[in-house]
Amino acid sequence: MSKLLARYAECIFWMARYMERAENLARILDVHETFSRDGRGAKDWYPIVRLNGDVERFFSRYPVATAENIVNFYVLDGQNPTSIISAVRAARENARTLRPWISTEMWTHLNVFHSRMLALKPSDVSLPNLSRQCATIKEACQAHTGITEGTFYRDQGWYFYQLGKYIERADQTTRLLDIEFNTLLPAQFEIDSQLDFIQWHAVLRSAAGYHAFRRVYPRGMTPASVAGFMIFNESFPRSVAVSVNQINDLLVSLKSRYSLRAGNAVMERIDEVQAALESHTIETVLRDGLHQYLDWLQLRFCDITAELSLAFFGAVPTPAQTQSQ
Amino acid sequence: MTPSAPQYQGLLSAYDPGGFYDELFGGKENRAGHTELIRRRLDAVNLADIRSRSADAERDLFNLGITFLINSDREAIDRILPFDVIPRVISAAEWAHLEAGATQRVTALNLFLHDIYHDQKIIKDGIIPAELVFGNANYRPQMVGVDVPFGTYIHIMGVDLVRDGAGVFRVLEDNGRVPSGVSYVIENRHIMQRVFPDLMHDIGIRSVENYGLKLLEAVSEIATPGVTDPRVVLLSPGTYNSAYFEHIFLAREMGVPLVEGRDLVVEDDRVYMKTTNGLAQVDSIYRRLGDDFLDPLAFNPDSLLGVPGILQAYRKGNVALANAIGTGVADDKAVYCYVPRMIKYYLGEEAIIPNVETNICREKEGLQFTLDHLDQLVVKPVGESGGYGITIGPRATKEQITECRASLLKDPANYISQPMVPLSVCPTVTEDGIEPRHVDLRPFVITGRKTWVLPGGLSRVAMRKGTLIVNSSQGGGSKDTWVLEGDDA
Chain Z
146 MSKLLARYAE CIFWMARYME RAENLARILD VHETFSRDGR GAKDWYPIVR
196 LNGDVERFFS RYPVATAENI VNFYVLDGQN PTSIISAVRA ARENARTLRP
246 WISTEMWTHL NVFHSRMLAL KPSDVSLPNL SRQCATIKEA CQAHTGITEG
296 TFYRDQGWYF YQLGKYIERA DQTTRLLDIE FNTLLPAQFE IDSQLDFIQW
346 HAVLRSAAGY HAFRRVYPRG MTPASVAGFM IFNESFPRSV AVSVNQINDL
396 LVSLKSRYSL RAGNAVMERI DEVQAALESH TIETVLRDGL HQYLDWLQLR
446 FCDITAELSL AFFGAVPTPA QTQSQ
Chain D
266 MTPSAPQYQG LLSAYDPGGF YDELFGGKEN RAGHTELIRR RLDAVNLADI
316 RSRSADAERD LFNLGITFLI NSDREAIDRI LPFDVIPRVI SAAEWAHLEA
366 GATQRVTALN LFLHDIYHDQ KIIKDGIIPA ELVFGNANYR PQMVGVDVPF
416 GTYIHIMGVD LVRDGAGVFR VLEDNGRVPS GVSYVIENRH IMQRVFPDLM
466 HDIGIRSVEN YGLKLLEAVS EIATPGVTDP RVVLLSPGTY NSAYFEHIFL
516 AREMGVPLVE GRDLVVEDDR VYMKTTNGLA QVDSIYRRLG DDFLDPLAFN
566 PDSLLGVPGI LQAYRKGNVA LANAIGTGVA DDKAVYCYVP RMIKYYLGEE
616 AIIPNVETNI CREKEGLQFT LDHLDQLVVK PVGESGGYGI TIGPRATKEQ
666 ITECRASLLK DPANYISQPM VPLSVCPTVT EDGIEPRHVD LRPFVITGRK
716 TWVLPGGLSR VAMRKGTLIV NSSQGGGSKD TWVLEGDDA
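Chains as they are written, first to last, in my numbering: chain Z, 146 to 470; chain D, 266 to 754.
Source of the hints: derived by calculation from the structure; they are not laboratory data. Worth double-checking, as some hints may not be accurate.
Here are the simulated distance ranges between beta carbons [unchecked claim]:
| hint | chain 1 | residue 1 | chain 2 | residue 2 | range |
| --- | --- | --- | --- | --- | --- |
| 1 | D | 729 | Z | 211 | 47 to 55 angstroms |
| 2 | D | 544 | Z | 295 | 32 to 40 angstroms |
| 3 | Z | 296 | D | 695 | 35 to 43 angstroms |
Here are the simulated lysine-lysine pairs, BS3-like style, with alpha carbons at most 27 angstroms apart [to be verified]:
| hint | chain 1 | residue 1 | chain 2 | residue 2 |
| --- | --- | --- | --- | --- |
| 4 | Z | 400 | D | 539 |
| 5 | D | 539 | Z | 148 |
| 6 | D | 730 | D | 663 |
| 7 | D | 386 | D | 715 |
| 8 | D | 715 | D | 609 |
| 9 | D | 663 | D | 675 |
| 10 | Z | 148 | D | 581 |
| 11 | D | 479 | D | 715 |
| 12 | D | 663 | D | 629 |
| 13 | D | 629 | D | 389 |
| 14 | D | 581 | D | 715 |
| 15 | D | 479 | Z | 148 |
Yeah, the Cβ is synthetic: ideal placement off N, Cα and C, and Gly gets one too.
Based on the provided sequences and hints, a complete structural model is requested.
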């Protein structure tokens with residue numbers, strides 16, 4: 146059976162993560178642009194900076210948190226490691242390393258996408274153009290996913306690609322929720338309230354979940370039902386639960402098909418997250434604090450990544466495992 | 266026929282090779298009959314059309330990432346090798362001659378390497394001066410007494426050929442360490458198939474597709490006897506190496522992992538690669554890393570690119586390397602002068618492809634001749650590659666000649682000189698229309714158990730008017746090289 150170089154496995158994993166990250170960032174910015182049409186202006190953008198943990202970095206580069214600055218920081222700023230362009234560059238760098246392993250079509254598409262991102266000017270992402278630009282970026286990411294699905298050889302590498310994609314997606318869904326709940330909800334709120342229907346609609350739309358949500362909840366829309374749908378629904382492709390179940394299945398397959406037995410510690414971490422999803426409902430989560438719950442999940446995704454590095458990527462254990470953002 | 270002959274009414278009507286031997290038209294006496302159909306087809310293309318095809322080709326190259334890295338002041342930039350859509354065409358008869366010549370040359374060089382690392386007869390018999398071998402920085406005493414499979418040291422060789430004013434091919438240089446450029450040979454063909462299918466149609470061009478297979482075959486053949494399904498890897502210095510694209514290309518063509526030094530580890534004098542499932546033994550390595558960087562324990566201790574302990578594993582026969590360690594002594598510019606005598610000594614034959622006449626400045630007469638004719642000669646440092654440090658006498662300023670004279674007197678052994686070869690030209694798309702540009706040719710020769718020559722080669726073209734230096738680091742480009750199946754076209 147053909148072997149997979151540990152370093153390749155790691156590059157494949159991160160290539161997938163960075164592309165998923167770019168797509169999700171585009172989704173988050175897109176939905177925010179929709180909110181800012183209501184004239185709420187700059188204050189609505191700030192939670193993105195705060196919840197991504199980018200406050201210090203942002204203010205070291207920009208004097209004020211204007212919408213323009215924040216958008217620039219997250220789309221075009223190559224000095225900001227959490228920007229879309231940085232994610233695409235990192236994906237392309239990984240793809241460059243992986244060129245002997247991935248299909249030529251995957252590489253060419255990413256290479257061209259990266260060149261196109263480099264050519265973007267600040268005016269291309271000004272607020273009137275932002276939504277269209279985000280749509281273009283999102284579609285380029287989806288084209289990547291489609292080309293990968295259609296051309297990437299199905300051996301171990303495919304599993305590491307999927308692992309990267311689903312871990313990032315689960316993580317990004319928790320971030321999206323965290324940001325929007327902070328932006329949209331007053332400090333005290335009724336979890337059944339029908340407030341800001343249009344904006345919750347936009348949150349769902351940013352995750353391409355509106356129609357799916359309507360199928361489950363034909364009437365009404367509450368912050369609780371939206372959050373519950375995005376965390377717990379077992380059929381919605383961007384929900385945390387679906388991603389976590391996928392991660393579990395992928396690890397099981399790696400073990401059974403490729404005899405990769407080093408993944409037991411990762412499996413234990415996944416069990417922990419699955420248990421935390423099964424033992425909660427959105428009501429108990431909101432009662433105990435949504436932000437705390439989402440934060441806990443994000444930390445578990447860091448742990449899972451660290452365990453994967455130890456098990457498969459040849460990482461050496463260090464006292465403090467940290468995740469690269 | 267001449268370019269001004271009435272049958273050229275289109276693209277080639279104003280073309281004038283300027284007295285040089287021309288790859289498409291031939292020379293005054295020896296016309297290139299084999300390219301007649303190609304010339305007629307080219308003539309029928311208009312300049313705007315050929316420019317748009319050129320632009321398509323260059324865009325494809327960039328998007329596909331067929332690039333090399335240039336390190337500028339601030340960052341590494343991807344550049345494409347400029348590509349010219351007018352092919353360089355070699356007849357079947359010419360090719361048969363080049364193939365035989367390249368095979369003869371690599372055979373002699375392998376015998377030479379085996380000899381100098383064993384009995385050193387060629388030195389004892391006074392054919393080649395001992396100091397040229399033992400004083401050579403690329404001579405590796407660690408290889409003395411080491412036997413390599415089939416006596417093959419140079420598994421992959423690039424022979425740099427030029428064609429003089431009479432149309433005679435001559436060897437300009439041997440590349441027996443880590444020759445590069447073969448990826449362009451194959452990718453250029455793919456690009457031509459996309460942008461100029463109508464020019465190629467039904468010409469009968471020999472395929473260059475199976476290079477990867479032949480390479481894998483050779484690299485597998487040299488693995489430790491008894492290993493039935495050897496694990497082969499390509500060892501690269503990494504993504505920041507200027508030839509990284511080629512490493513990717515070859516790993517893909519061979520279907521083997523592209524590894525870096527950090528992916529390999531030596532335990533009990535065996536080489537392993539780190540996989541998702543632990544260590545897996547490696548049997549044969551196509552390495553694109555110079556000797557100096559290969560093993561920090563044996564060679565350059567500062568190298569972070571290599572694999573500590575690999576030399577010992579190699580000497581024990583537990584892993585094969587292509588090319589072998591210590592081949593640099595055979596492709597040295599000073600040793601080059603002795604290759605015709607080597608061929609005579611080992612094979613009892615005359616060199617099928619002659620050298621360019623060369624003066625060895627370490628020898629009194631050579632130095633004197635060079636100093637006396639500086640304005641007519643090309644002076645080259647023996648240790649450099651990539652076209653660096655060359656003084657072209659007939660094109661040099663007075664200051665450059667003075668500078669060159671001083672360098673020569675200071676360290677004569679570091680230089681050779683050659684007459685300026687009037688390099689052949691080939692019609693090339695330029696800003697001023699179709700103009701002659703100088704070209705060279707690097708065929709690639711693979712040797713495991715036997716020798717195989719890729720029917721084609723890298724034709725590098727000096728894109729700047731009048732310049733003779735074709736190296737990519739000096740602004741050179743490349744052309745697709747067609748070897749014809751037969752010459753009756």
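Taking the earlier hints as the rules, which of them does this structure contradict? none
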